[in-house]
Amino acid sequence: MDIRKPIGLLFTLLGFLLAVWGLVGGEAAAKARTIRDDVNINLWWGIVMLLFGLAMLALARVAAKRGKA
Amino acid sequence: MHHFLTVALKIDLQFLDYAIMGIYVLFVLGIGFALKRHMRSSEDFLISGRSIPAWVTGLAFISANLGALEVIGMAASGAKYGMLTTHFYWIGAIVAMVFLAIFMMPFYYGSRARSAPEYLKMRFDEKTRGLNSVSFAVMTILGSGISMHALADLLNKLLGWDYTVNLLVCSVVVMVYIFKGGLTSAIYTEVVQFFLIVFGFAPVVYLGLKEVGGWDGLVRRLHDVGANSQALGLWETNLGEGAWTSMWGNMGDASANSMGVSWAGMVFGLGFVLAFGYWCTNFLVVQRAMAANSMRAARNTPIIATIPKMFFPLLVIVPGLIAIALEGSGKDSGFKIYQKEVVVSAADWGKVEPLVKAADSNGAAVKVLREELKGKGGAGQPFNSVVLARITQEVRAGRMSSGDATAALNNAGERDYNSVITSLLNRYCPSGLLGLALTALLASFMSGMAGNVTAFNTVWTYDIYQSYFAPDKSDTHYMNVGRLATVAGIALSIGFAYVARQFDNIMDLLQLVFGFVNAPIFAAFLAGMFWKRATGHAAFSGVLAGTIVSALFYAHTTVQDGSAWLVDSLNTWHSFPSAMTQNFSLAIFSFGAAAATIAAVSLMTRREKTDEELKGLVYSLTPRQADPGAPWYARPAISGIIILLVCIALNIYFA
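Here the protein sequences come in this chain order: X and V. Position 12, counted from 1, in the first sequence is what the working numbering calls 12; the numbers after and before it change by one each time, with no gaps. Position 372, counted from 1, in the second sequence is what the working numbering calls 372; the numbers after and before it change by one each time, with no gaps.
Same shape as in the complex, but just chain X (with noise of 0.2 Å):
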């Protein structure tokens, strides 16, 4: 098993999810409780977290592609 199909899959699944949540009504809910920051944090966190799921998942195929060759 290659361990960055797994890392890949799940990282993206969790960075749309919180990018999502940032985008929609999920920002009202973090002003509550955070500092006073002006930084929508789950949105560019997710984005972050989105870019590195897609980079393993890249380089898990690019492996596979380069195991068959």
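Bear in mind the hints are in silico, worked out from the structure with no lab data behind them. One or more hints might be untrue.
[Said to hold, decoys possible] Computed cross-link-like contacts, DSS-like style, restricted to lysine-lysine with a CA-CA straight-line distance of at most 30 Å:
(1) X/Lys5 x V/Lys36
(2) V/Lys367 x V/Lys336
(3) V/Lys36 x X/Lys65
(4) V/Lys210 x V/Lys157
(5) V/Lys80 x V/Lys367
(6) V/Lys367 x V/Lys351
Mind docking chain V on chain X? Use the hints.
Same frame as chain X, but now just chain V:
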């Protein structure tokens, strides 16, 4: 690490928080089930059949060490001691990890031993292995029990979830994925957990640094903390501006730094004995490297692990720095680390005040005060020693009225440093990010626990069951025993978690016991690998002698700040400025006693093993590892030296 939050702090989770945790659990379980069909023999199950690439074992190596106690404890130390905590990384880990990679892995991996105790059997004899495997098996169970208790308690106080449900759900998840996929699934999930820990805590650090004004702002605030350490109740004196920001500046004298440790204790006690004892002989971490798919991958495992380890202080210590900076810099941040509750009534104080005034010295006054103000059931109340000493001083000088003293005492509870992480989560994480950070905590707990359980089932199956109870059974039989040991190990840990819940200072007790056991064992491994003359009788008696010296040392020394908690010393030979420096010195003495005994007994006893038999087990009798054709970064000797240089640079930069 007992009561994490004494003040009720309940966070409500929203849908996404639960969803993130749920998805994580499904993934780790999925990995266990996906690997099930690869488990064909006991070696597949218990030692991964030596099949895993180096980057995976490297990240698992570090993840197994990064349990929940480590995450919570390092943040706590960051607040309590400041940058000195980085010694646990840059002195107390990296050097030992590089040493393991270059000098010790060739013997662990090359001997084809299936466990660290089994190496002792090959190198020395059965009794040395027996001693090590039994004490190790017990320690892993206690270790995982304590960390289960810590997590269940934390979730209970933070989220209001039921303690028993927390305990059962978390441990059943770990049990299922190990039961299905053995060590391989523990290692693979540890890699997933590694990334979750990084991604879960990084935004908290980012938001925290942003609030304190970046790194420069943090340093400025920490200067205030160091300059006011007495008023803040952190140390008996004001240690000065650099005390929370510099690694070495205050290490010349034990009384000049927040740990109360001298540079010699730090370098030899922590950096040499304790660090090498843990990283180089603890099967929990070494097992990850032994599962690698080649000798070179095994040697590179600890090297790869040093890279994240070197930067983890940013993730686990900086939150503690942020917390104390927010509380202590004088600027009104509205943040305070939780204090444990103490209760002193006016009547109580009325009884104690004359005694405090009549005491011979301020130290005696503090002692009397502690003695007289015990809480319900006669247990000591969690007072902050520094604050207590200041109050008695003021009272004795006639500068504090009875009413003021009572008020001050009620506000003199010790800081609950273990709550640092959770209170920062509460401050910074909106729902969503909160779910992610909680998942990171769950992940760190599970990786630490899986490390203990997989080490336990291997040592139990091969070193205890196969050696002493049932030597000649089929491999399927041992695989089933390994599975059974997984379940039994977790059941025992759950039992011990409830024991830990009953006793407040059990964590301290255990740390002490680990210290008793680890330092002498390290002497045995070191002698075994680097001195061909060392004999089995010598190793066995050395370990015993080291343990006895530890116990004697502990029984006859005290700690000035009153943080010695377990026994009153018999007759005191020496008094240390802090419990930490007592631990470090104990390690040095214990190691010294073990090493001296091994040397003496070796010279008095006959060698049982010939040079031929010791080939591959002892440094001088084993051909050096050559790496023909390997690129420079895949040669442990070269990459190890680079890592050490970077580590020295960090020490100099933060000196």
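The hints, checked one at a time:
1. X/Lys5 x V/Lys36: With Cα atoms ~17 Å apart, lysine 5 of chain X and lysine 36 of chain V stay inside 30 Å; holds.
2. V/Lys367 x V/Lys336: holds (28 Å)
3. V/Lys36 x X/Lys65: The hint holds at about 25 Å.
4. V/Lys210 x V/Lys157: Distance ~28 Å between lysine 210 of chain V and lysine 157 of chain V Cα, so the pair holds.
5. V/Lys80 x V/Lys367: holds (23 Å)
6. V/Lys367 x V/Lys351: Cα-Cα ~15 Å, so holds.
Checked against the numbered hints given earlier, the structure satisfies every one of them.
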